[in-house]
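Undergrad: With the hints as your guide, set chain B onto chain A.
Letter by letter, the chains look like this.
Number of protein chains: 2
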Amino acid sequence: MQNFLYFCGQNISFMARTEISTLGEFGLIRHLTDKLPLQQPSTKKGIGDDAAVMQFGSKRTLMTTDLLLEGIHFNLEYVPLKHLGYKAVAVNLSDIYAMNGTPTQITVSLGVSARFSVEDLEELYAGMRLACEKYKVDLVGGDTSASMTGLTISITCLGIANDKDIVYRNGAKVNDLICVSGNLGTAYMGLQLLERERIAHSHQDAQPESIPAFEGREYLLERQLKPEPRQDIIDKLREAGIRPTAMMDISDGLSSEIKHICHQSNVGCAIYEDKIPIDFVAAEVAEEMNLNIVTCALNGGEDYELLFTCDLKDYEKLVGIEDVYIVGHITKPEFGTMLIGRNGEELELQAQGWQAFKS
Amino acid sequence: MQNFLYFCGQNISFMARTEISTLGEFGLIRHLTDKLPLQQPSTKKGIGDDAAVMQFGSKRTLMTTDLLLEGIHFNLEYVPLKHLGYKAVAVNLSDIYAMNGTPTQITVSLGVSARFSVEDLEELYAGMRLACEKYKVDLVGGDTSASMTGLTISITCLGIANDKDIVYRNGAKVNDLICVSGNLGTAYMGLQLLERERIAHSHQDAQPESIPAFEGREYLLERQLKPEPRQDIIDKLREAGIRPTAMMDISDGLSSEIKHICHQSNVGCAIYEDKIPIDFVAAEVAEEMNLNIVTCALNGGEDYELLFTCDLKDYEKLVGIEDVYIVGHITKPEFGTMLIGRNGEELELQAQGWQAFKS
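So the sequence lines, in the order shown, correspond to chains A and B. Heads up: the first sequence begins at -1 in my numbering, then just goes up one per residue. Heads up: the second sequence begins at -1 in my numbering, then just goes up one per residue.
Read the hints as simulated data drawn from the structure, not as lab findings. A couple of the hints might just be wrong.
[Unchecked claim] Taking lysine-lysine and the BS3-like style, the derived pairs with C-alpha atoms no more than 25 Å apart in a straight line are:
#1 A:Lys42 - B:Lys311
#2 B:Lys57 - A:Lys43
#3 B:Lys134 - A:Lys43
#4 B:Lys311 - B:Lys171
Note that the coordinates shown come from a computational prediction; the quantities given were computed from them, not determined experimentally.
Extracted from the complex, chain A is given alone in its bound form (with noise of 0.2 Å):
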């Protein structure tokens, strides 16, 4: 007990040290999680999917939950607070929605330095609002605390199902059809735009005339800082009849999501690059700034677009759907994950996803 202190605050240094970048995210969770045993019976699915599976009626309660930290998650000099409060709770949602279940719940916890005054607060929570009214959940609870560090959000969300009802990674079937909603690459393509006027605004000297406006982009804009879960997707399937096999939001690029699924499947893919929805102007900025607009679909994250598989006998149902494209479909494992480029090349697809760590 002497040495109470010593051990304390010096035990980081006596130990190995193991960089986290190491492992990655997936990585770093499986390793911290994995022996841990599940003992409640009302316990369904645990750690692995978007959202965690309990039991406590008929009906399954579905939970997921998201920590946006300022400087990593998002910059508060070209995020307006009103927005960052309704995509903070629009990603919650998400989750819940590619589980297939309807989300009733959030909690959100704040961490505020002093630099925030109660109007900035009262413009994150008019954002917090909005989306909870337009998708009729109920915040209720949460904790605010003083920050040393800037603006922390912490939003955990409820939900439910039909057992029946829950889609989950783990169910794709070889010859299963590959489908996206909306467009990829869009919100990717919207921060370039962002970050490109922040720069030009932060150097002094700029000329205005090498200052784009944002006219006609708009759509760009919004779809990195307002994003939209799409309730109206999975209405769309339900009423079509149709129940994907395994479905999951795409918050980390086209690649990483499908690979998730094909892991957790135990199965292979083949998606073709032709197919990958693109939006028009994404794909005319992406050009004005020598990018690669199908690989920002493939790497760029943050559509939060619904990425799932459905049986073959569903192809007639899907191609009724508006905003829905099949992009590709399920193989055997052994053929691995591939794009099938224009020209039938087959590229292994990189899952360059969350690189956070690496300093």
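TA: Only chain B this time, still in chain A's reference frame:
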């Protein structure tokens, strides 16, 4: 749209600015959430108690969340990561027990800077795992993210309870007995010991004899570093056939918490100074440091003991329960929230609680 960036970056300076410290934590939460309508039939109780209450089946589902920020809620100079993990889980469980519920699942989100290694996170998880095992709670999800600013821990806990068993803060009635479990001010004195030791070690010229050892005072450190949620008290009350009329856990100090119960129940209270349970060693350390141990018990916080009110008819049963102490009684609201001193003098209780936003 041309002025998009100007608007975003500069709206703070154009707007009125109200410092958060003028509202305080509870004023702030009330201010931000008072116009939020509840839309989901499954929401039975939103913001304002230890946990939110939902109904997904025949039982009720409880939900609580806590955000812990390095430098605000913990100091890694003297808090070992394993203890921190244990405590982070324990304080959430405490909120569920304070509703008279049973915790069932948690999610854990971490923001981690490059300062931390995989081994550090293993230590943190070892503590969380220990708490989960002891209280039979499942870790079902979470989110791990890079951080530029130290360690951030956000935990959300679900629990269950029968509707008729749930105890809110608003049920205290005139003449009810006011009870607390354990002892108060002890965690605060543990913090003072750790803080004194830290400062002593930071002065290279400190004389060894000026650094008191922790021997005989381990219990104070344990109360600060590894608090236990009082599941045992909840069980004993149930076994004795006692259902408290109001209950909450003591995280911010007795003064602040009894004022919450009185405010929400629209009653007053009389707390008797000489009835407040004090640990003998804590009192000794307080005297050594020229601190008033009763003030520490009233305002120190982090004891995570239970504060509850009971009908007078339960008196005989209550006195038979080990580690439960009757500290006063509920009065009419016009009496106010009073501390009755050793000589019978009446003092208005002051809620010092959460002053962290004051700079």
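Undergrad: Take the hints in turn and mark each one as holding or not.
TA: Going through the hints against the structure:
1. A:Lys42 - B:Lys311: 42 Å, violated
2. B:Lys57 - A:Lys43: 20 Å, holds
3. B:Lys134 - A:Lys43: 16 Å, holds
4. B:Lys311 - B:Lys171: Holds - the C-alpha atoms of B:Lys171 and B:Lys311 are around 13 Å apart, at most 25 Å.
Checked against the numbered hints given earlier, this structure breaks only hint 1.
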